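Peer 1: One-letter residues, chain by chain:
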Amino acid sequence: MPLLLRNVRENRWHKSEAAPWLATGDVPADPLGDLATKDNRLSVWEVAGDRSNVERILRALAVNRDKIADMGYVLFDSSLLVTAGIATVAESGMTPDQGANEWHRDLTDLSGNKLVMLTKLILENCESGTMLKKRLEQLVLDGIEQKQLPEKFRSKIEI
Amino acid sequence: MYSHFSGSLFAVIAQRGRAAFRAIAEYLFSGSGNADVVSEALRWLADFDDPATLPQRWAILQRTLQDSSPRVRDGAILGFAALDDPRARSLLLQTQEVEPVPELRRLIKQVVDQLNATHAAPPPQR
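Chains A and B, in that order, give the protein sequences.
Position one of the first sequence corresponds to residue 1 (this note's numbering), numbered consecutively onward.
Position one of the second sequence corresponds to residue 160 (this note's numbering), numbered consecutively onward.
If you're looking for bench data, these hints aren't it; they were derived computationally from the structure.
Check before you lean on any hint, since a few could be wrong.
Claimed, not checked - Okay, derived cross-link-like pairs now, EDC-like style, lysine to aspartate or glutamate, Cα gap no bigger than 20 Å in a straight line: (1) A:K15 / B:D195; (2) A:K134 / B:D243; (3) A:K15 / A:D26; (4) A:K156 / B:D209; (5) B:K268 / A:E55; (6) A:K15 / B:D209; (7) A:K152 / A:D142; (8) A:K134 / B:E258; (9) A:K15 / B:E258; (10) A:K134 / B:D244; (11) A:K38 / A:E91; (12) A:K156 / B:E258; (13) A:K156 / B:D206; (14) A:K67 / B:D243; (15) A:K67 / B:D209; (16) A:K134 / A:E124; (17) A:K134 / B:D208.
Note that this is a predicted model, so its numbers are computed, not measured.
Work out the full structure, taking the sequences as your base and the hints as a guide.
Peer 2: Structure follows, in structure tokens:
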């Protein structure tokens, strides 16, 4: 099953030893802050089998912000959603990169319990990473050259 | 949120100069600062484009690489990525050897790779 990507603050998703105050089976609260829902939906992105679209997804998310900055993310197998009883729908993304928008998905009908379960499953099974700002800026320049992004985003680049 | 935070930080530094750095350093090293705030501040301090304050910013980042909080160390590593100064490579490689969090060791490697590329790149045209 395909991988899904969610942008997060990576340092909240480290697989370090559980905090001593955390009860067995419980999850820390901070990662939940990276899974903000709207209309009980959570925005994620479907990653190609060879991961060839990861950089383009992160670039699309980066240009949607006021300023290009390091971008953390988690990758997790969509089979976790079956475990958590969470449904997915294809819903076009809202980024300036039309090509990337087709990879956007919404996780739907999320309750509090489902969100906590999803957080636990992602924490236990995810691969996390951070795309550095300098790499993102180069990707934005490439995207402008390849007409995947509008020229106006050149003003966000500092390199 | 981040742009407001960084904008405020830059404004304080621009107005107060080195005095602002001393005050910020006191907060960062107080041990009572919020780890998320400190981490964010380190990233944006490094991004401040002012060669005159590089020694102060470098010293702050170097010290916080040893902080007990992984989130603060994360901010320091990303701070060195923002500085993009190849002279930080040896310091980061030493830090990588003793860093206990696998994700941070991997992040250090990414930053060192970036600095190697910066070092190998031709100087910018003037």
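Peer 1: Take the hints in turn and mark each one as holding or not.
Peer 2: Structure-based check of all given hints:
no. : hint            : verdict
1   : A:K15 / B:D195  : 18 Å, holds
2   : A:K134 / B:D243 : 9 Å, holds
3   : A:K15 / A:D26   : 14 Å, holds
4   : A:K156 / B:D209 : 19 Å, holds
5   : B:K268 / A:E55  : 18 Å, holds
6   : A:K15 / B:D209  : 36 Å, violated
7   : A:K152 / A:D142 : 13 Å, holds
8   : A:K134 / B:E258 : 23 Å, violated
9   : A:K15 / B:E258  : 14 Å, holds
10  : A:K134 / B:D244 : 12 Å, holds
11  : A:K38 / A:E91   : 14 Å, holds
12  : A:K156 / B:E258 : 33 Å, violated
13  : A:K156 / B:D206 : 14 Å, holds
14  : A:K67 / B:D243  : 18 Å, holds
15  : A:K67 / B:D209  : 19 Å, holds
16  : A:K134 / A:E124 : 30 Å, violated
17  : A:K134 / B:D208 : 15 Å, holds
In this structure, the hints that do not hold are numbers 6, 8, 12, 16, in rising order.
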